[in-house]
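**Q** All chains, full assembly: derive it from the sequences and hints.
So you can see what is in the structure, the chains are spelled out below.
Number of protein chains: 2
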Amino acid sequence: MDFSSMSCSDFVNVLASSEPVPGGGGASALVGAVGAALGSMVANLTIGKKKYADVEENMRECLQKAEDLQSRLLDLIRQDAEAFAPLAAAYGMPKTTVEEMMAREAVMEPALREAAAVPLAIMETCCEALDVMHELALKGSRLVISDAGVGAACCRAALQGASLNVFINTRSMSDRDAATQINRRAKIMLDDYIPLADRIFTNVQSKLFEKN
Amino acid sequence: MDFSSMSCSDFVNVLASSEPVPGGGGASALVGAVGAALGSMVANLTIGKKKYADVEENMRECLQKAEDLQSRLLDLIRQDAEAFAPLAAAYGMPKTTVEEMMAREAVMEPALREAAAVPLAIMETCCEALDVMHELALKGSRLVISDAGVGAACCRAALQGASLNVFINTRSMSDRDAATQINRRAKIMLDDYIPLADRIFTNVQSKLFEKN
Chain A
32 MDFSSMSCSD
42 FVNVLASSEP
52 VPGGGGASAL
62 VGAVGAALGS
72 MVANLTIGKK
82 KYADVEENMR
92 ECLQKAEDLQ
102 SRLLDLIRQD
112 AEAFAPLAAA
122 YGMPKTTVEE
132 MMAREAVMEP
142 ALREAAAVPL
152 AIMETCCEAL
162 DVMHELALKG
172 SRLVISDAGV
182 GAACCRAALQ
192 GASLNVFINT
202 RSMSDRDAAT
212 QINRRAKIML
222 DDYIPLADRI
232 FTNVQSKLFE
242 KN
Chain B
32 MDFSSMSCSD
42 FVNVLASSEP
52 VPGGGGASAL
62 VGAVGAALGS
72 MVANLTIGKK
82 KYADVEENMR
92 ECLQKAEDLQ
102 SRLLDLIRQD
112 AEAFAPLAAA
122 YGMPKTTVEE
132 MMAREAVMEP
142 ALREAAAVPL
152 AIMETCCEAL
162 DVMHELALKG
172 SRLVISDAGV
182 GAACCRAALQ
192 GASLNVFINT
202 RSMSDRDAAT
212 QINRRAKIML
222 DDYIPLADRI
232 FTNVQSKLFE
242 KN
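Protein chains in written order, with the numbering used here: chain A, 32 to 243; chain B, 32 to 243.
If you are wondering where the hints come from, they were derived from the structure by calculation, not from laboratory data.
Certain hints may be false.
Given that identical chains are not distinguished, each listed pair holds provided it fits within a single copy or across any two copies.
[Claimed, not checked] Once the Cα atoms are required to be at most 25 angstroms apart in a straight line, the calculated DMTMM-like pairs of lysine to aspartate or glutamate come out as:
| no. | residue 1 | residue 2 |
| --- | --- | --- |
| 1 | Lys80 | Asp208 |
| 2 | Lys238 | Asp223 |
| 3 | Lys80 | Glu241 |
| 4 | Lys218 | Asp229 |
| 5 | Lys82 | Glu50 |
Note that this is a predicted model, so its numbers are computed, not measured.
**A** Written out as structure tokens, the structure reads:
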């Protein structure tokens, strides 16, 4: 199911329901796509403006990156839903006898790893988006600076949201070394990029208060 | 134009374009609706579970509130776009002669006030959503606790995002007393609810690390 072709209202309504997908992972990917799109918007409204001619080339690069990130994040909504199906099937397997438990475990472990890999990819994509947003907030048109700030807040939420979907899957993995390694990668991204998102937001906010 | 009936991809693509709406305000409302919907999901997946029978009544109340907030936030996407039209028209008015400037100012001031009122309403709705999310994260099913954390992160982003759309409009208002009053209301919400969102997120994260 390609949830990104669903209307926004329908997506929100099925998210709200007890349907297994979309869940927090798909929601994070959508919010990240909204964030990246705000980056594209800032670039689009800066390109071609005389006042910003000296950053035109830079803005074009930002636009290309933001558009790519935005379509990757939309696709990650689908990937997240697809990774959930084998996991749900594994959770549904019987676990009464030793044989059943072993068969279940053999299916469960790779399913968990895949279900953690997709939100990890969402996180990586949001970090890239925040790097672009940083540049857009510094060099983009002052008229749309608030949109760069909103974009940073969205990418921050998507990064945090996706991290919880990494952790909820790694916590059930049997291979603790692999789980620890995945968790470490997620934590490094949170440690590096949440402060960047906050810096972008605070800078935008204080610019809006220069004459307020 | 009712943007919430647009597909998620189309919404993201038109947001990314140089089209005047949707912008950061509409994006914030959508992200808030996604957050509230995650709250509904947590309630829906807790209601009817034997283990959570003692909070059943409470969860039903949370569900009702979350569903209401989610539909109000979806409607605020439309309201934000509608409030932008008269503002865009005012910005387009000539300002060469004194008469023109006065005519422009007469239209501009109420348009700015309305364009600030909608994101202020988005903020208020997100604060209500965070109160509900707080309860859901504490009492909802442990199996979907990550979704309450993602919901809190989304409502936080929507709250922050909407605040920038309040400030970008108040900064141009001539009535500085009115502007200051609106800014104060927005700042109080940020001061009260950003820490609550962070607390919800941190609690969820540490619960996921109890066995990770």
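**Q** Going through the earlier hints one by one, which of them does the structure break, listed in rising order?
**A** Failing hint: just 1.
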